[in-house]
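Trainee: Sequence:
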Amino acid sequence: MVAVQAASSAAMPYATPNEATTASAMSEKAKDVRRSNITAAKAVADAIRTSLGPRGMDKMVRQEDGSVLITNDGATILEQMKVEHPAAKMLVQLSRAQDVVAGDGTTSVVVICGALLSAALDLLGDGIHPSAISDAFQVALDKSLQIVKDMAVPVNLDDREALIQAAKTSLSSKVVSQYSNLLAPIAVDAVLTVKSAPQFNGNPNANGNSSTESSMPGVSATSATSFVDLKNIRTVKKLGGTIDDTELVDGLILHQHTAKAGSNAITRVQNAKVALIQFCISPPKTDVDTSVVVQDYTAMDRILREERQYILGLCKKIKATGCNVLLIQKSILRDAYTDLSLHFLGKMKIMVVPEVERDEAEFLSKSLGCLPIAGIESFTSDKLGKVELVEQVSLGPEKIVRMTGITKPTKETVSILVRGSNHLVLDEAERSLHDALCVVRSIVHKQYLIPGGGAPETEVSVMLSKVAKSTTGMEAYCIEAYAEALNVVPFTLAENAGLQPVEIVTDLRRRHAAGESGAGINVSKGAVTNIKDEDVVMPLLVFSSALSLATECVRQLLKIDDIVLVR
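Positions 1 to 567 (the UniProt record's numbering) are the ones given, in order, by the sequence shown.
Heads up, some of the hints might be wrong.
[Claimed, not checked] Here are the simulated DSS-like pairs of lysine-lysine, each with C-alpha atoms no more than 30 Å apart in a straight line:
1) Lys349 x Lys316
2) Lys231 x Lys285
3) Lys260 x Lys237
4) Lys195 x Lys260
5) Lys386 x Lys149
6) Lys366 x Lys260
7) Lys143 x Lys82
8) Lys399 x Lys383
9) Lys195 x Lys273
10) Lys260 x Lys349
11) Lys466 x Lys386
12) Lys317 x Lys231
13) Lys399 x Lys149
14) Lys316 x Lys231
15) Lys386 x Lys316
16) Lys31 x Lys143
These are computed hints drawn from the structure, not numbers from a lab.
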């Protein structure tokens with residue numbers, strides 16, 4: 001009997017005092033690491049929280065080279081910040097991920113993440129295990145996505161006004177918000193021009209889910225989905241004028257200007273045949289280790305005559321194809337053209353637009369329907385693009401080349417000319433326009449709209465609180481904390497608008513609890529109104545992706561219990 005007791009006691013796990021002390025120290029270290037990570041991430045969220053909403057403040061970013069950047073775009077601010085802590089860098093990457101998925105909501109996703117981290121820190125302080133918090137947050141996220149999906153309203157892409165209102169909502173928080181009546185229609189028309197035809201998945205039970213869209217957090221595609229590649233929308237910035245002069249061009253704009261030699265410059269061509277060449281119209285050069293020795297004037301004259309004949313031969317072959325507009329790709333090996341080649345081309349009434357960047361070639365080829373030509377031997381008429389009018393336009397001190405009336409069976413690209421009084425305004429206008437384009441793209445990808453003004457966050461918070469009351473155990477406690485954290489968005493909107501945030505959020509929650517899912521904060525009136533009637537709407541994709549990405553980031557941070565330094 002004694003032997004049995006001894007054996008059983010030996011099999012029971014136990015810890016010596018030293019082992020217990022070590023385990024306790026490791027537990028304290030894990031708590032310190034989590035606390036450090038959450039504190040660093042919250043600091044980043046607090047830094048850009050004042051930029052949220054239509055009355056949010058702008059940030060002036062001074063870069064290392066002394067240049068100044070003024071913006072309230074969350075992704076841009078975080079990209080420029082010097083962040084050292086690994087957890088803080090995760091929030092920078094979080095904002096970048098939101099920018100890639102939806103293009104808008106880059107500030108909201110960081111603010112929501114910061115609020116969820118604060119809630120998680122309080123739960124950790126109450127002794128709840130990080131894994132339990134993480135699992136409960138995932139349950140809350142799943143419930144939230146279903147709640148916001150139920151309040152979403154389907155939108156028809158033919159409803160241009162609804163798309164414009166969504167773009168205006170995005171622009172309302174930008175520096176250029178006063179120009180939203182101009183920029184919003186431009187963004188809508190640009191996206192609708194380049195969107196592809198609806199595509200259906202071959203699996204009839206897949207509800208049309210595509211690999212691209214099904215990979216987006218909190219998003220499932222509709223049965224027929226159109227796609228938009230924003231790379232097909234070209235934005236050209238030119239200094240001068242005001243943002244009111246910004247326009248959508250049904251054609252192509254080149255920021256380069258025409259080359260000229262003497263008085264033979266061609267600046268306008270009708271019924272143009274455009275060629276994009278990737279070779280140089282200049283004399284070939286010798287190798288680096290080769291030298292040519294000229295001993296008399298006769299030899300020099302012979303060399304010049306050969307160069308002249310070589311260039312003239314190139315120009316004649318180009319002219320023989322019917323080409324009258326020549327786009328020359330920039331070369332780093334030798335001069336792309338010479339004054340002599342410009343002289344010959346000018347005599348032949350061929351417009352020359354040099355200095356085309358290598359990364360522009362694909363866009364130009366797609367826009368014009370022409371093929372890049374690598375050598376004179378492959379220069380044929382079937383590789384030319386046809387354009388009704390090509391002309392150089394002066395915009396104050398700046399010049400552009402405008403191509404209109406492109407003869408193509410389908411419109412795959414479009415150009416936007418952005419004007420501004422200085423470079424700061426130009427850059428911010430371009431960023432704001434990009435966000436508006438992304439909002440419209442989000443609606444094309446996921447054709448649902450939800451009210452803005454803090455309405456979806458409040459609706460999810462109120463409904464999650466009801467879910468928490470019907471749940472038992474620690475999970476209910478964590479879901480309630482998740483719900484309360486979402487109040488940070490309406491609270492911040494009211495705070496940044498100079499309102500009484502506690503009073504506004506209380507009234508907002510009361511109305512949502514009474515069933516007014518469209519109630520939101522109207523910052524212009526300083527009160528809670530039915531935000532749907534005010535046409536303040538946003539794409540479902542923006543909110544669902546922000547909530548999914550923020551929750552995913554919080555769960556990842558909660559699972560970290562140590563930071564290991566390596567060489």
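Trainee: For each hint, tell me whether it holds in the structure or not.
Mentor: We went through each hint and held it up to the structure:
1. Pair hint lysine 349 plus lysine 316 holds up; C-alpha atoms about 12 Å apart against a cutoff of 30 Å.
2. For the hint linking lysine 231 to lysine 285, the alpha-carbon distance of about 36 Å lies beyond 30 Å, and the restraint is violated.
3. Distance restraint check for lysine 260 and lysine 237: the Cα-Cα separation of roughly 23 Å lies within the 30 Å cut-off, and the hinted pair is therefore satisfied.
4. A distance of roughly 38 Å separates the Cα atoms of lysine 195 and lysine 260; the hinted pair therefore is violated under the 30 Å criterion.
5. Between the alpha carbons of lysine 386 and lysine 149 the distance comes to roughly 47 Å, so the proposed pair goes past 30 Å and is violated.
6. With a CA separation close to 27 Å, the supplied pair lysine 366 and lysine 260 stays within the 30 Å bound.
7. Of the pairs offered as hints, the one joining lysine 143 and lysine 82 is violated, with about 36 Å between alpha carbons and a cut-off of 30 Å exceeded.
8. At most 30 Å may separate the alpha-carbon atoms for a hinted pair to count; lysine 399 and lysine 383 meet this at roughly 27 Å.
9. Between lysine 195 and lysine 273 the CA atoms are separated by roughly 27 Å; this keeps the pair inside 30 Å, and the hint holds.
10. Restraint check for lysine 260 and lysine 349: the C-alpha separation of about 12 Å stays at or below 30 Å, so the hint holds.
11. Annotation: proposed proximity of lysine 466 to lysine 386 is violated, straight-line Cα distance about 63 Å (limit 30 Å).
12. For the hint linking lysine 317 to lysine 231, the alpha-carbon distance of about 34 Å lies beyond 30 Å, and the restraint is violated.
13. Using a Cα cut-off of 30 Å, the hinted pair lysine 399 and lysine 149 is violated, with the two alpha carbons roughly 48 Å apart.
14. For a cut-off of 30 Å, the pair hint linking lysine 316 to lysine 231 is broken: about 36 Å separates their Cα positions.
15. Restraint check for lysine 386 and lysine 316: the C-alpha separation of about 20 Å stays at or below 30 Å, so the hint holds.
16. As the CA atoms of lysine 31 and lysine 143 are separated by approximately 29 Å, the hinted pair is consistent with the 30 Å bound.
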